[in-house]
Amino acid sequence: MAAVERKILLKHADEDYYSPSIDSYLEQGGYEGLKKALAEKPEDLREAVKDSGLRGRGGAGFSCGIKWSLVDRKSGKPIYLICNCDESEPGTFKDRQLVHKDPHQLIEGMMISAFANDVALAFIYIREEMPLGAKILEKAIEEARAKNLVGENILGSGYSCDIVVHRGAGAYICGEETGLIESMEGKRPYPRIKPPFFPAVLGLYQCPTIVNNVETLCNVVHVVNMGVEEYTKIGRHGNTGTRIWCVSGMVKNPGYYEIEPMTMKEFLYDVCGGPLPGRKFKGCIPGGGSMKILGAEETYTDREGKSFSFDEIIVDYDGIAAAGSMSGSSGMMILDDSTDIVEALANITAFYAHESCGQCTPCREGSLWTKKITARMCTGGARPQDVDLLYDMAGNIGGRTVCPMGYSTTWPVQSYIEKFRDEFDSKAQANECGMKSFDERLIEK
Amino acid sequence: MNLSAETLEKIETTIPKYPEKRSAVMPLLHFVQSEQKYISNEAIEWIAEKLEIEPINVLEVVTFFPYYRQEKLGTVHVRVCRTLSCALMGAYKLGDELEKALDCKMGHTKEDGSVTLEYGECLAACGTGPVVLVDEDLYEKLNQTEAVGPMLEEIKKRAQAGAATE
Ligand SMILES: Cc1cc2nc3c(=O)[nH]c(=O)nc-3n(C[C@H](O)[C@H](O)[C@H](O)COP(=O)(O)O)c2cc1C
Ligand code: SF4
Ligand code: FES
Chain C
1 MAAVERKILL KHADEDYYSP SIDSYLEQGG YEGLKKALAE KPEDLREAVK
51 DSGLRGRGGA GFSCGIKWSL VDRKSGKPIY LICNCDESEP GTFKDRQLVH
101 KDPHQLIEGM MISAFANDVA LAFIYIREEM PLGAKILEKA IEEARAKNLV
151 GENILGSGYS CDIVVHRGAG AYICGEETGL IESMEGKRPY PRIKPPFFPA
201 VLGLYQCPTI VNNVETLCNV VHVVNMGVEE YTKIGRHGNT GTRIWCVSGM
251 VKNPGYYEIE PMTMKEFLYD VCGGPLPGRK FKGCIPGGGS MKILGAEETY
301 TDREGKSFSF DEIIVDYDGI AAAGSMSGSS GMMILDDSTD IVEALANITA
351 FYAHESCGQC TPCREGSLWT KKITARMCTG GARPQDVDLL YDMAGNIGGR
401 TVCPMGYSTT WPVQSYIEKF RDEFDSKAQA NECGMKSFDE RLIEK
Chain H
446 MNLSAETLEK IETTIPKYPE KRSAVMPLLH FVQSEQKYIS NEAIEWIAEK
496 LEIEPINVLE VVTFFPYYRQ EKLGTVHVRV CRTLSCALMG AYKLGDELEK
546 ALDCKMGHTK EDGSVTLEYG ECLAACGTGP VVLVDEDLYE KLNQTEAVGP
596 MLEEIKKRAQ AGAATE
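From first to last, the protein sequence lines are chains C and H. Per my numbering, the first sequence starts with residue 1, numbered consecutively. Per my numbering, the second sequence starts with residue 446, numbered consecutively.
Among these hints, one or two may not hold up.
Unchecked claim - With a straight-line Cα cutoff of 20 Å, these simulated SDA-like cross-link-like pairs (lysine to any residue) come out:
(1) H:K466 <-> H:I501
(2) C:K139 <-> H:K462
(3) C:K7 <-> C:N153
(4) H:K550 <-> H:V593
(5) C:K139 <-> C:C161
(6) C:K187 <-> H:E451
(7) C:K36 <-> C:K135
(8) H:K601 <-> H:T573
(9) H:K462 <-> C:K36
(10) C:K139 <-> H:E599
(11) C:K187 <-> H:F510
(12) H:K455 <-> C:V165
(13) C:K187 <-> H:Q478
(14) H:K466 <-> C:E185
(15) H:K586 <-> C:P277
(16) H:K455 <-> C:R167
(17) C:K139 <-> H:N486
(18) H:K462 <-> C:K7
(19) H:K462 <-> C:N153
(20) C:K135 <-> H:I501
(21) C:K77 <-> H:K462
(22) C:K77 <-> C:L121
(23) C:K11 <-> C:C272
(24) H:K602 <-> H:T573
(25) H:K555 <-> H:A592
(26) C:K372 <-> C:C360
(27) H:K482 <-> H:K462
(28) C:K187 <-> H:K555
(29) C:K233 <-> C:K372
No lab work stands behind these hints: they were computed from the structure.
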């Protein structure tokens with residue numbers, strides 16, 4: 001039987017009967033979860049989210065319930081909730097769908113999460129490049145406020161909480177939670193060092209702060225509506241719930257697909273239609289541009305020593321981790337045999353060089369030099385030893401920086417070279433100038 | 446500083462939304478830039494005074510973020526995504542085409558101030574690449590010729606409308 005989608009968060013989003021209006025949402029039983037939650041004790045809600053196994057959908061996949069349990073509730077300071085809608089990891093476009101097509105689901109998820117964590121003020125940090133999304137959210141918040149679902153004394157419960165939409169201004173690093181917090185404070189978004197600046201203790205205005213991704217917060221609605229027992233039946237142990245995967249690049253049917261865990265073969269063929277006519281998959285970047293590439297011809301070995309193929313990789317947190325990469329932001333970029341791997345790396349390194357905040361020398365200089373070296377491999381002027389140089393340099397960035405973005409400049413370089421070394425060598429040795437996948441002027445030198 | 450009543454009102458209602466005034470620096474910059482097309486030194490000082498911070502605190506934000514400009518943006522702001530998924534789908538070729546069709550160099554604003562054409566990084570619409578953001582509107586699947594035409598028409602229309610109101 002062909003594998004198919006399982007739509008929970010996106011159940012109504014693309015249906016003809018549905019619109020982003022509050023009436024549409026209410027018609028489908030919207031805000032029942034919030035009503036239910038307001039009748040419960042906040043600590044019970046926190047416990048339920050923990051028991052649901054819900055993991056963060058923003059990148060690291062950390063347990064949402066445990067994150068909430070780390071919040072400092074004794075400090076007496078206000079607790080803030082920030083929804084991370086910076087969505088700028090290359091290959092990721094799921095939060096865009098959730099915000100544009102079903103904003104009230106997010107608002108309900110935020111209000112439940114805010115109530116569960118005694119939050120009095122919540123924010124949505126939305127990237128500048130989604131101006132329409134910001135407008136839709138503003139309007140939805142107004143609609144919800146008019147129905148007393150946001151604001152003072154929500155539904156007569158005595159609980160009050162407002163939501164403020166805050167727009168970014170085009171910097172990827174604002175997606176990193178502490179960079180985001182600095183930006184919310186009106187400063188340059190330089191990520192903060194952890195410890196001591198764990199947001200749960202010292203976040204926005206040095207107060208305890210929860211930062212969660214859009215998709216994570218939308219899931220909270222369904223945890224409450226379904227109850228822990230039903231929710232944990234979706235997915236598999238340690239990977240509960242559905243995930244929305246964003247598929248782009250060299251594949252027949254690119255798009256966003258909400259699925260339960262399935263194999264890579266089922267996903268790429270049954271759901272995404274397979275490769276383009278006459279082509280073969282070369283590999284996939286599974287969780288946004290930062291993540292290590294998974295080669296289509298590779299043999300993988302899990303921790304128990306069992307080997308498996310690309311087709312057998314399970315598309316979820318643990319399945320992709322077992323193959324040595326990460327599911328990250330679930331942005332899946334597909335490369336095929338027409339794609340020049342060195343050019344692909346040159347494109348990706350240009351992104352990270354552009355987006356490094358510049359605070360740490362290894363990331364600032366390293367990302368710039370990886371960009372320069374990969375560019376010269378593509379456009380002329382490379383030397384045969386450049387491949388080793390690039391590889392060594394990458395090994396000196398990750399883990400030596402303030403924020404995990406150091407790894408974003410490291411992992412692509414290391415994994416592409418490890419898995420496609422021949423192509424790098426032949427390109428560096430031949431010192432070719434012709435571009436195969438892209439146009440030469442477009443790889444910035 | 447000369448700001449429309451509408452912008453001033455937005456500014457006044459936005460500041461109190463934040464627990465600390467300084468947090469309003471980004472929204473204020475957005476409001477001012479959308480009216481004046483850039484952030485002048487005067488605006489930096491005006492915002493600093495409004496938020497009771499030093500001008501350098503505003504300047505550090507303006508100079509960090511790619512979206513804020515210290516030189517005037519064109520009437521129409523065209524951003525072509527050049528990141529991997531769009532690049533694979535032909536973003537670079539599209540960039541060339543737009544340069545020609547708009548008679549504007551990539552990364553520049555036309556001398557008459559009508560258009561700014563730039564490459565930008567991933568716009569979170571990779572499944573329908575290559576994509577272009579024209580002011581606030583997203584155009585998708587632009588490797589299909591029939592998709593580029595209507596976008597170009599819209600850009601030209603806005604550029605002309607801008608020239609008429611100058
Ligand atoms: C460089 C960098 C960029 C990030 N960008 C995003 C982003 O755009 N959206 C997002 O939700 N999380 C992003 N994250 C992850 C956040 O720091 C944070 O872990 C996440 O928002 C937490 O939400 P979650 O627990 O619900 O996943 C990024 C992390 C790093 C290191
Ligand atoms: S690792 Fe890079 S992005 Fe992160 S703080 Fe350091 S310089 Fe900035
Ligand atoms: S790569 Fe162009 S929108 Fe993501």
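Verification of the supplied hints:
1. H:K466 <-> H:I501: The hint holds at about 16 Å.
2. C:K139 <-> H:K462: Holds: K139 (chain C) and K462 (chain H) sit about 16 Å apart, inside 20 Å.
3. C:K7 <-> C:N153: At roughly 33 Å apart (the allowed maximum being 20 Å), N153 (chain C) and K7 (chain C) break the hint.
4. H:K550 <-> H:V593: Answer holds: K550 (chain H) to V593 (chain H) is near 18 Å, not above 20 Å.
5. C:K139 <-> C:C161: holds (17 Å)
6. C:K187 <-> H:E451: violated (26 Å)
7. C:K36 <-> C:K135: Violated, at about 28 Å.
8. H:K601 <-> H:T573: Outside the cut-off at roughly 23 Å; violated.
9. H:K462 <-> C:K36: With Cα atoms ~28 Å apart, K462 (chain H) and K36 (chain C) exceed 20 Å; violated.
10. C:K139 <-> H:E599: violated (26 Å)
11. C:K187 <-> H:F510: Measuring from Cα to Cα gives roughly 11 Å; hence the hint holds.
12. H:K455 <-> C:V165: holds (14 Å)
13. C:K187 <-> H:Q478: Holds, because 18 Å separates the two Cα atoms, which is no more than 20 Å.
14. H:K466 <-> C:E185: holds (9 Å)
15. H:K586 <-> C:P277: Between K586 (chain H) and P277 (chain C) the Cα gap is close to 19 Å, so the pair holds against 20 Å.
16. H:K455 <-> C:R167: Between K455 (chain H) and R167 (chain C) the Cα gap is close to 14 Å, so the pair holds against 20 Å.
17. C:K139 <-> H:N486: violated (33 Å)
18. H:K462 <-> C:K7: At roughly 36 Å apart (the allowed maximum being 20 Å), K7 (chain C) and K462 (chain H) break the hint.
19. H:K462 <-> C:N153: Satisfied, since the Cα-Cα distance of roughly 18 Å is no more than 20 Å.
20. C:K135 <-> H:I501: Given pair K135 (chain C), I501 (chain H) is violated - Cα atoms ~30 Å apart, limit 20 Å.
21. C:K77 <-> H:K462: Given that 20 Å is the threshold and the Cα spacing comes to 18 Å, the pair holds.
22. C:K77 <-> C:L121: holds (12 Å)
23. C:K11 <-> C:C272: holds (18 Å)
24. H:K602 <-> H:T573: violated (24 Å)
25. H:K555 <-> H:A592: violated (24 Å)
26. C:K372 <-> C:C360: Distance ~18 Å between K372 (chain C) and C360 (chain C) Cα, so the pair holds.
27. H:K482 <-> H:K462: violated (25 Å)
28. C:K187 <-> H:K555: Given that 20 Å is the threshold and the Cα spacing comes to 32 Å, the pair is violated.
29. C:K233 <-> C:K372: violated (49 Å)
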